[in-house]
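> Chains as they are written, first to last, in this note's numbering: chain A, 1 to 273; chain B, 1 to 341.
Since the hints were made in silico from the structure, they are not lab data.
Certain hints may be false.
In silico lysine-lysine, BS3-like type, Cα no more than 30 Å apart, as pairs [unchecked claim]:
#1 K334/B / K163/A
#2 K144/A / K12/B
#3 K216/B / K96/A
#4 K144/A / K320/B
#5 K144/A / K67/A
#6 K138/A / K12/B
#7 K12/B / K149/A
#8 K9/B / K138/A
Take a look at the letters that make up each chain.
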Amino acid sequence: MSEQAILTPSLNENEILRVENLSMHFGGLKAVEKLSFSINEHEIFGLIGPNGAGKTTVFNCITQFYKPSEGRVLFLTKQGLTENLVGQKVHNIIRKGLVRTFQNVELVSELSLLDNVLVGGHIDFKSSGFSQALRLPKARKEEKAMREKAERVLNFMGIDHMKDALAGGQPYGVRKKVEMARTLMCEPKLIILDEPAAGLNDVETQQLAETIREVRDTYNCTILLVEHDMRLVMGICDRICAISFGKFLACDTPERIQRNSLVQEAYLGEKEG
Amino acid sequence: MKQDSIITKITKNTYLRFVLFGLIISMIPVLTGGGILKTSWLGIIGGTIIYTIAALGLNLLLGYSGLISLGTAGFMGLGAYISAYVTGNLGLPWEVGILAAVIIPVIFGILIGLASLRMEGLYLGIVTLCVAEVLRKTFDELEPLTGGFSGKSAEYPTLLGIFKLNQGTTFVLLCVVLVLMMILTYHLANGQLGRALNAMRGSNVAAQAMGVSLLKYRLIAFALATGYASLAGALYAHFVKFVYPSTWNLPLSLVILAIVVIGGLRSIYGTFIGALIVYALPDLVLKRIPIIGDINGLSYVFSGVLIILVVLFYPGGCVKVFSDVKLLLQKLFKRKVKKNV
Numbered sequence: 001m002s003e004q005a006i007l008t009p010s011l012n013e014n015e016i017l018r019v020e021n022l023s024m025h026f027g028g029l030k031a032v033e034k035l036s037f038s039i040n041e042h043e044i045f046g047l048i049g050p051n052g053a054g055k056t057t058v059f060n061c062i063t064q065f066y067k068p069s070e071g072r073v074l075f076l077t078k079q080g081l082t083e084n085l086v087g088q089k090v091h092n093i094i095r096k097g098l099v100r101t102f103q104n105v106e107l108v109s110e111l112s113l114l115d116n117v118l119v120g121g122h123i124d125f126k127s128s129g130f131s132q133a134l135r136l137p138k139a140r141k142e143e144k145a146m147r148e149k150a151e152r153v154l155n156f157m158g159i160d161h162m163k164d165a166l167a168g169g170q171p172y173g174v175r176k177k178v179e180m181a182r183t184l185m186c187e188p189k190l191i192i193l194d195e196p197a198a199g200l201n202d203v204e205t206q207q208l209a210e211t212i213r214e215v216r217d218t219y220n221c222t223i224l225l226v227e228h229d230m231r232l233v234m235g236i237c238d239r240i241c242a243i244s245f246g247k248f249l250a251c252d253t254p255e256r257i258q259r260n261s262l263v264q265e266a267y268l269g270e271k272e273g
Numbered sequence: 001m002k003q004d005s006i007i008t009k010i011t012k013n014t015y016l017r018f019v020l021f022g023l024i025i026s027m028i029p030v031l032t033g034g035g036i037l038k039t040s041w042l043g044i045i046g047g048t049i050i051y052t053i054a055a056l057g058l059n060l061l062l063g064y065s066g067l068i069s070l071g072t073a074g075f076m077g078l079g080a081y082i083s084a085y086v087t088g089n090l091g092l093p094w095e096v097g098i099l100a101a102v103i104i105p106v107i108f109g110i111l112i113g114l115a116s117l118r119m120e121g122l123y124l125g126i127v128t129l130c131v132a133e134v135l136r137k138t139f140d141e142l143e144p145l146t147g148g149f150s151g152k153s154a155e156y157p158t159l160l161g162i163f164k165l166n167q168g169t170t171f172v173l174l175c176v177v178l179v180l181m182m183i184l185t186y187h188l189a190n191g192q193l194g195r196a197l198n199a200m201r202g203s204n205v206a207a208q209a210m211g212v213s214l215l216k217y218r219l220i221a222f223a224l225a226t227g228y229a230s231l232a233g234a235l236y237a238h239f240v241k242f243v244y245p246s247t248w249n250l251p252l253s254l255v256i257l258a259i260v261v262i263g264g265l266r267s268i269y270g271t272f273i274g275a276l277i278v279y280a281l282p283d284l285v286l287k288r289i290p291i292i293g294d295i296n297g298l299s300y301v302f303s304g305v306l307i308i309l310v311v312l313f314y315p316g317g318c319v320k321v322f323s324d325v326k327l328l329l330q331k332l333f334k335r336k337v338k339k340n341v
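Chain A on its own, in the form it takes in the complex:
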């Protein structure tokens, strides 16, 4: 699969991810139908649509949790290659520099915040299982370095003072921060956020907008997010792609998306008369 992808690199300049003719069918249900859009490097890109529009399905197709029925997902990897992600193993996607969060925060409750963040560094451990089992000096050094890195990331998210607390008892806002910190451990090129503002109050949502921008600028990455909170989306996104019933409606700047008649129709229903 990857060979074919290398043979046909067709990302335009500045583009980091391009979804081409993506379709996902569950039996007879067409959850996503011939969807295409592309994201530029260093952009905050929003994917919006009414409930059941297929946004999360698109995410799952990009990250290979679903195998798309049709189409390509081209990605400019950390290694500098343009690859088609379709058909690659789920657990290899993060190695390309693409990492995601989940709609219902998925942390390990019994681990400390620090350990949860360290899970995000899983792929960066270089020492062998043997040397880790015996804690040879190399493995020890590596573990220490990763711990320090995780602490820096937690510090960046402003929650390093509670690094040893268990994730289980934490409020939702903190858990969301930990999940984002976890994505930063692997120094990603593209972070996919699945409803980052769900369950947050107004103040927290404002802080989140700040954090997302800071993450992009500090870690020099691109962000793709699905979100229902329109104020957040319109406030921070550079461009937005709107979909409805799995089909492409429009892709434009927030202002233009708001005025787009197709989008208004999808959200508010057809004009009468």
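Fit chain B to the known structure of chain A by using the hints.
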């Protein structure tokens, strides 16, 4: 003052703590030799150590990756028979026996790991149970290798072909192996592997998104659990000096499971405490009680009731008792200090 600082140094350092723990339990042969403890203690605590090693493996599997196995006994038996055969029939050194007794079952374990990708929970329990039953039946029937119903005998180990051990020194060997396995478990559980297994238990999806290959880590988890179990079995063969097919039945697997649950999931010392409670306590205490002590299968009733109590009221396992008591004492102490002031 100086002594104090050395003691705190030892109790703060994880490795020294493991070694200290090993030293303390390896004192038992001295105590039984001196007549302070009954000689039966040696066998009972030795059994506890063997069960602890098997349970440490199951704890890695159940506690960390959240996968269940009811086949522990089968793999312990496999390890015991292989080691007895290699040292007895083939006349090879003890070390080779142990090595063979770990490697062959691990291959079986990896095969079960492959099957585990397709099933979860109860179904995995049933499959592992079936594998163990097939193994047990094989021990019965494969007479040329296992001695069938009449069992198979083994000798105390001879280390490096020079040092012939007796019961007491074999017990010390068990202690050494236990401490090594505890340290190994500590390393595995608190590093990349432990976190990957934890992530898998928390959520398969999230683990995959973080780059954890489910196939690889499930295989590793099963390989480790069977490796620990078969090592325990091989040690059993050379400590008890006799391997009998009906030992490796479902109740034994359940006892190992009970040890993990009662002692405390994901706790290394908890596993030993669990083994003490489930295995040693009935033999040392319960059977001494008049009338009640004569009931057949009392130890199973005891551990069954304990499992229910622990799951309902003390999910952290009995190892939590220590930290809870410490907290309680601190509270009481603080109150007293306040009153005095």
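> Determine for every hint whether it applies to the structure shown.
Going through the hints against the structure:
no.: 1; hint: K334/B / K163/A; result: holds, 27 Å
no.: 2; hint: K144/A / K12/B; result: holds, 18 Å
no.: 3; hint: K216/B / K96/A; result: holds, 19 Å
no.: 4; hint: K144/A / K320/B; result: holds, 28 Å
no.: 5; hint: K144/A / K67/A; result: violated, 37 Å
no.: 6; hint: K138/A / K12/B; result: holds, 23 Å
no.: 7; hint: K12/B / K149/A; result: holds, 25 Å
no.: 8; hint: K9/B / K138/A; result: holds, 25 Å
The earlier numbered hint that this structure contradicts is number 5, and it is the only one.
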